[in-house]
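Please work from the sequences and hints to get the whole structure.
Number of protein chains: 2
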Amino acid sequence: VYYKRDPQTFFRHLSPTQQQELLQKLKHDYREIVLGYFINDVAIDQRLNDFVNAAFLTDVSAAQVVEIHMELIDEFSKQLKLEGRSEEILLDYRLTLIDVIAHLCEMYRRSATGEM
Amino acid sequence: VYYKRDPQTFFRHLSPTQQQELLQKLKHDYREIVLGYFINDVAIDQRLNDFVNAAFLTDVSAAQVVEIHMELIDEFSKQLKLEGRSEEILLDYRLTLIDVIAHLCEMYRRSATGEM
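The listed protein sequences derive, respectively, from chains A and B.
Numbering of the first sequence is given in the numbering used here, commencing with residue 1 and proceeding in unit increments.
Numbering of the second sequence is given in the numbering used here, commencing with residue 117 and proceeding in unit increments.
Keep in mind that the hints are not guaranteed to be accurate.
As the list claims (entries may be wrong) - Residues on chain B that point at chain A, a partial pick, calculated with CB under 10 Å:
(1) Glu137
(2) Leu138
(3) Ala159
(4) Val181
(5) His185
(6) Leu188
(7) Asp208
(8) Ile214
(9) Ile217
(10) His219
(11) Tyr224
(12) Arg225
(13) Arg226
(14) Thr229
Hints in this document: simulated from the structure, not taken from any laboratory.
Just so it is clear, CB atoms sit at the ideal spot from N, CA and C, and this is done for glycine as well.
See the structure below:
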């Protein structure tokens, strides 16, 4: 598959409002991926691919994805503490992050190498 | 910094012997990074950058880095079990992996976007 990217859709070229909208969408989608990752959600591969495609097309960096992850973990952590539950599961979510940024890295690698 | 990559040095274009040598070097260097990551090794940033540069120049994928990581964790896990010690630290090493592939992703992203 060849993905022609339009620099006009790159995150850093969007208006502040559009950036906020994109970020909200990425956060929402990443949350769904994390929550579905360990329960054998059948749609998880598709969701992960869609997320990675969206990040690639808008030239989002792995650092931005790590930030989205950390914000979400922070939120989950507060919730688990409120409920007096163990935060151990949050360590497992790092595997989800590794999977997501490895996929994103592969998109950029192929793009850089002209394999697409 | 502009990194012109020579496809002849790409991992998949090396001879089997050269591939083995490169893999051994990457494994060795990754091991040093993991072992130095949480002890404030002053040389750690440089080591991490060197590793990521080497991977980028040879067009190594994030999946290959994940494999190197898992092999190393496997080895550490056996050792810790033999010594009757907790394997908890191994979970922390995931943070090292996240850092490494996020950096690698950034190299490929910049290369794909022509920012180098």
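| said: So, against the hints stated earlier in the document, which numbers end up violated here? | reply: 1, 2, 3, 6
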